[in-house]
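Just so you know, the sequences run in chain order S and W. Oh and the first sequence: position 98 is 98 in my numbering, straight run, nothing missing. Oh and the second sequence: position 27 is 27 in my numbering, straight run, nothing missing.
Check before you lean on any hint, since a few could be wrong.
[What the hints assert, rightly or not] Calculated lysine-lysine pairs in the DSBU-like style (CA-CA distance at most 30 Å, straight line):
{"id": "1", "chain 1": "S", "residue 1": "Lys99", "chain 2": "W", "residue 2": "Lys9"}
{"id": "2", "chain 1": "S", "residue 1": "Lys221", "chain 2": "W", "residue 2": "Lys77"}
{"id": "3", "chain 1": "S", "residue 1": "Lys221", "chain 2": "S", "residue 2": "Lys99"}
{"id": "4", "chain 1": "S", "residue 1": "Lys221", "chain 2": "W", "residue 2": "Lys9"}
{"id": "5", "chain 1": "W", "residue 1": "Lys9", "chain 2": "W", "residue 2": "Lys77"}
{"id": "6", "chain 1": "W", "residue 1": "Lys77", "chain 2": "S", "residue 2": "Lys99"}
[Said to hold, decoys possible] Pairwise CB distance ranges, derived in the manner of DEER restraints:
{"id": "7", "chain 1": "W", "residue 1": "Ala61", "chain 2": "S", "residue 2": "Ala136", "range": "44 to 54 Å"}
{"id": "8", "chain 1": "S", "residue 1": "Phe195", "chain 2": "W", "residue 2": "Phe144", "range": "25 to 35 Å"}
{"id": "9", "chain 1": "W", "residue 1": "Phe147", "chain 2": "S", "residue 2": "Gly164", "range": "43 to 53 Å"}
Source of the hints: derived by calculation from the structure; they are not laboratory data. Ideal Cβ positions, reconstructed from N, Cα and C, are used throughout, including at glycine.
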Amino acid sequence: MEVFDGLIIGFGAALSWQNLFYCLIGVLLGTLIGVLPGLGPVATIAMLLPITFALPPLAALIMLAGIFYGAQYGGSTTAILINVPGESSSVVTALDGYKMARAGRAGAALATAAIGSFFAGTIATLLVAAFAPLLARIALQFGPAEYFSLMVLGLVASIVLASGSLLKALGMILLGLLLGLIGQDVNSGVPRFTFGVRELFDGIGFVILAMGMFGVGEIVKNLENPEQRDALTRKVTGLMPSKEDLKRIVAPVLRGTAIGSALGILPGGGATLAAFAAYSIEKKTSKPPEGFATARSRAWRRRKAPTTRARRPPSCRCSPSASPRTP
Amino acid sequence: MNFLTRNPKDLLSGLLFLAAGLFFFVYSHEYQLGTARRMGPGYFPYFLSIGLMIIGGLVLARGLLREGGELGRFAWKELTVIIVGILLFAFLVRPAGMVPAVMLYVVCAAFAYPPVRPIPVAITAVLLSAFCWLVFVRGLGLPFPAFGTWFGG
Numbered sequence: 001m002e003v004f005d006g007l008i009i010g011f012g013a014a015l016s017w018q019n020l021f022y023c024l025i026g027v028l029l030g031t032l033i034g035v036l037p038g039l040g041p042v043a044t045i046a047m048l049l050p051i052t053f054a055l056p057p058l059a060a061l062i063m064l065a066g067i068f069y070g071a072q073y074g075g076s077t078t079a080i081l082i083n084v085p086g087e088s089s090s091v092v093t094a095l096d097g098y099k100m101a102r103a104g105r106a107g108a109a110l111a112t113a114a115i116g117s118f119f120a121g122t123i124a125t126l127l128v129a130a131f132a133p134l135l136a137r138i139a140l141q142f143g144p145a146e147y148f149s150l151m152v153l154g155l156v157a158s159i160v161l162a163s164g165s166l167l168k169a170l171g172m173i174l175l176g177l178l179l180g181l182i183g184q185d186v187n188s189g190v191p192r193f194t195f196g197v198r199e200l201f202d203g204i205g206f207v208i209l210a211m212g213m214f215g216v217g218e219i220v221k222n223l224e225n226p227e228q229r230d231a232l233t234r235k236v237t238g239l240m241p242s243k244e245d246l247k248r249i250v251a252p253v254l255r256g257t258a259i260g261s262a263l264g265i266l267p268g269g270g271a272t273l274a275a276f277a278a279y280s281i282e283k284k285t286s287k288p289p290e291g292f293a294t295a296r297s298r299a300w301r302r303r304k305a306p307t308t309r310a311r312r313p314p315s316c317r318c319s320p321s322a323s324p325r326t327p
Numbered sequence: 001m002n003f004l005t006r007n008p009k010d011l012l013s014g015l016l017f018l019a020a021g022l023f024f025f026v027y028s029h030e031y032q033l034g035t036a037r038r039m040g041p042g043y044f045p046y047f048l049s050i051g052l053m054i055i056g057g058l059v060l061a062r063g064l065l066r067e068g069g070e071l072g073r074f075a076w077k078e079l080t081v082i083i084v085g086i087l088l089f090a091f092l093v094r095p096a097g098m099v100p101a102v103m104l105y106v107v108c109a110a111f112a113y114p115p116v117r118p119i120p121v122a123i124t125a126v127l128l129s130a131f132c133w134l135v136f137v138r139g140l141g142l143p144f145p146a147f148g149t150w151f152g153g
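Isolated chain S (complex conformation) (with noise of 0.2 Å):
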């Protein structure tokens, strides 16, 4: 078996204290940045980039994978805490995590979060490794009718999710999509709707959207009623999740894990796109469906959006590493 002899030979090299020690300090920054709002994996990575080029290749190469974990983490504490999500595939935690967070059940959100990115992100590291030439087979045969296809999948999973009127959700569907317009068209170079204002040529930033929507909407509904807003100031408790609450969240782990091995596997579709598909499957299988959202420690979405991790970070992890460091 080649790919237990690479596995061996991976560890072989990885672990060592030193190594170890490089990851450790990688995903403590990287979760201590993605907390901040608005700061994802990937800006976190671009400005904590210069710190690695010290070392050498290998311990540069584990302490970046570190930091992305630990940013792609940290995003999730913001989007529960205070429900604003860092980056599009933490929105989905952003929905039930901050209800939980209101309810006074922050702290088991955040454990949920921790535990099932951690489970999913190993074992969909393992079978990324396992299956890499097959997997990376099919991703090459997805054509443009595929990428479109997935894409009405994405979309469509964004309105069955949405609570509340469907109509509006069609509409606001609509309208995300013509904000997304906004920018240089990809196919003919033209700016469109940006009325001369060269920021607006690269396009209206999902951080920037993000934090106009969910932060300052946030923060003007708790001024609107002063009386409900202490999910931010009350103290986190309860971390440990209890023996039911464990129960609880093994099924759905274990589903996330595979939506996202499988969905993120494609390029680019990637962590929001199995967020989003995990979370509807989650609350058609939860078992009061119209209690989903108070009553489901469940183990929501974010556990897929490692799968993706597992797979983006080669591709932008090796060319910036690569480059600067041959003195």
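Let chain S serve as the given structure and place chain W on it in line with the hints.
Just chain W, lined up with the frame of chain S:
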């Protein structure tokens, strides 16, 4: 109960959708439409905005015909204070620097939730600006000065 107050929530969201759709509809005419086979830059926004206007119309119709939820209080003052604070920060962070901009923003944001207590606000402003300076300027090396050109930085 007249038709305007029957379902103000849907009425307003319908109007918002319509307005947004109309905005994109009007401006999509500035770009070449093309055909479905060879889409120009105007094709997608044109049809999306028509869809958005249709949905806006449906929501609006529902708002006129069916009973629905009441509007909450509009937090105009809070909204203005928060947004003005963000704008001030955006315009000041380069010329004045990170520290004064964060301080001013904290003071500004404090007015969103009266009564304003000067001492806690001052402490928050100092601590938060120190934190931001440490993390973003020193730690992460973002290209913002601690004190900008206005303060001789």
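Here's how the hints hold up against the structure:
1. Straight-line distance between C-alpha atoms of Lys99 of chain S and Lys9 of chain W comes to about 23 Å, which keeps the hinted pair within the 30 Å bound.
2. Distance check on the hinted pair: Lys221 of chain S and Lys77 of chain W sit about 12 Å apart at the alpha-carbon level, within 30 Å; holds.
3. Our distance criterion of 30 Å between C-alpha atoms is met by Lys221 of chain S and Lys99 of chain S, whose separation comes to about 14 Å.
4. About 16 Å separates the Cα atoms of Lys221 of chain S and Lys9 of chain W, which keeps this hinted pair within 30 Å; it holds.
5. A C-alpha spacing of about 20 Å is found between Lys9 of chain W and Lys77 of chain W, which places the hinted pair at or below 30 Å, so the restraint holds.
6. For the hint pairing Lys77 of chain W with Lys99 of chain S, the CA-to-CA distance comes to about 27 Å; that is within 30 Å, so the pair holds.
7. For Ala61 of chain W and Ala136 of chain S, the Cβ-Cβ distance of about 51 Å falls inside the hinted range of 44 to 54 Å, so the restraint holds.
8. With their beta carbons about 27 Å apart, Phe195 of chain S and Phe144 of chain W fall inside the hinted range of 25 to 35 Å.
9. In this structure the hint that Phe147 of chain W and Gly164 of chain S lie 43 to 53 Å apart at CB holds, the actual value being about 47 Å.
Violated hints for the displayed structure: none, as all numbered hints are satisfied.
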